[in-house]
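2 protein chains.
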Amino acid sequence: MQLESRPVYTGRVVRLDVDTVRFPDGSTGELEIIRHPGAAAIVPCASDPHTDRDPTILLIRQFRYATGGLLWEIPAGTLDPGEDPEACARRELLEETGVTAGRLQRLTSIWTTPGFTDEVIHIYLASGLTAGAPSRERDEFIEVVPQPLSQVLARIRDGEVRDAKTIVAILYMAGFVLKM
Amino acid sequence: MQLESRPVYTGRVVRLDVDTVRFPDGSTGELEIIRHPGAAAIVPCASDPHTDRDPTILLIRQFRYATGGLLWEIPAGTLDPGEDPEACARRELLEETGVTAGRLQRLTSIWTTPGFTDEVIHIYLASGLTAGAPSRERDEFIEVVPQPLSQVLARIRDGEVRDAKTIVAILYMAGFVLKM
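Those sequence lines, one after another, are chains A and B. Residue numbers for the first sequence follow numbering that gives the first Met the number 0, beginning at 0 and rising by one. Residue numbers for the second sequence follow numbering that gives the first Met the number 0, beginning at 0 and rising by one.
Any given hint could be a false lead.
What the hints assert, rightly or not - Chain A residues, not near chain B, derived (Cβ > 10 angstroms throughout):
#1 3
#2 24
#3 26
#4 113
#5 152
Claimed, not checked - Derived DEER-like restraints, expressed as beta-carbon distance ranges:
#6 A:3 - B:52: 34 to 42 angstroms
#7 B:156 - A:47: 16 to 24 angstroms
#8 A:68 - B:80: 36 to 44 angstroms
#9 B:8 - A:68: 37 to 45 angstroms
Treat the hints as calculated values from the structure; they're not laboratory data. Here the structure is a predicted model, which means the values were calculated and not measured. Every residue, glycine too, gets a C-beta built ideally from N, C-alpha and C.
Can you make the complete structure from the sequences, with help from the hints?
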């Protein structure tokens with residue numbers, strides 16, 4: 000239970016607070032917490048994942064400063080204030096890949112790293128795709144690299160895909176939608 | 000490429016910096032980054048996962064202030080300065096569950112949320128377990144709840160397990176070690 004919250008820094012995306020907390024045993028302590036508006040992520044599937052056993056996935060290759068280089072990811076982005084996660088998923092898919100989704104299926108939602116942030120990512124499966132032009136933000140460096148699901152799974156197995164939301168999304172889809 | 004790094008806050012676990020960065024196209028900008036020492040997480044498997052098709056997993060139920068309640072997770076914890084991830088995995092497994100692992104197999108490593116932190120979690124599969132007494136930290140509230148892998152998978156499918164590292168670890172193990 001929160002007893003007090005002391006704002007330390009408010010940034011462009013995240014906010015850092017130091018909260019005084021009452022723990023389940025009645026004791027109290029201080030915790031650092033990064034408050035985040037939440038995000039949506041999308042597995043863009045170029046064919047119907049319910050009938051095609053090895054659908055083409057629009058993976059992206061993105062520059063991530065925090066990792067020192069390029070990462071394999073699925074499209075994703077932060078919720079605008081008051082934005083519905085599904086609307087955010089459609090918007091980010093369009094902005095990052097230029098693609099519009101005919102059908103969006105919610106897979107799950109994840110706490111990215113609950114030891115120090117309240118960030119939740121809502122994960123969707125997109126199909127019935129229509130191609131268009133992306134409109135990326137100034138500091139986004141993204142290349143769209145379509146590839147079969149089997150190749151994405153091999154990249155996860157071999158440790159080449161290391162982004163948590165991407166691994167969750169692809170393995171969730173393979174295991175529980177395609178039942179591979 | 001980092002041009003400058005301005006420390007904003009140094010906490011108990013995380014540090015917040017605002018870096019001035021040169022992007023791949025030559026432009027520059029500021030990025031908030033949470034610097035984290037990294038972590039290790041462990042899937043504790045009470046029987047041999049290479050022969051038992053439905054091994055018992057020592058899942059934990061943990062109070063996480065950032066999420067407002069209890070989360071299903073696998074044991075995990077932050078690397079001590081200079082600590083080897085495998086040594087950290089053994090230490091955290093012992094501290095949180097009281098269990099010593101006979102065998103540790105590295106599964107993969109993940110970037111938890113690379114948009115704003117450099118945190119990496121190294122994930123291990125532990126088997127050949129010997130029971131003992133846990134020694135938890137003052138602000139850790141953890142209950143060990145052994146359950147069959149099939150039940151953990153059902154909890155992931157139904158959205159009851161929402162911690163990213165836990166989903167990655169269990170689905171990676173089910174898909175690539177047990178080849179379910």
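We went through each hint and held it up to the structure:
1. 3: Consistent with the label, residue 3 (chain A) stays out of reach of chain B, its closest Cβ about 13 angstroms off (over 10 angstroms).
2. 24: violated, 7 angstroms
3. 26: violated, 7 angstroms
4. 113: violated, 4 angstroms
5. 152: violated, 8 angstroms
6. A:3 - B:52: 34 to 42 angstroms: violated, 50 angstroms
7. B:156 - A:47: 16 to 24 angstroms: holds, 21 angstroms
8. A:68 - B:80: 36 to 44 angstroms: The hint (36 to 44 angstroms, Cβ to Cβ) is violated, given that residue 68 (chain A) and residue 80 (chain B) are roughly 24 angstroms apart.
9. B:8 - A:68: 37 to 45 angstroms: At 26 angstroms between Cβs, range violated.
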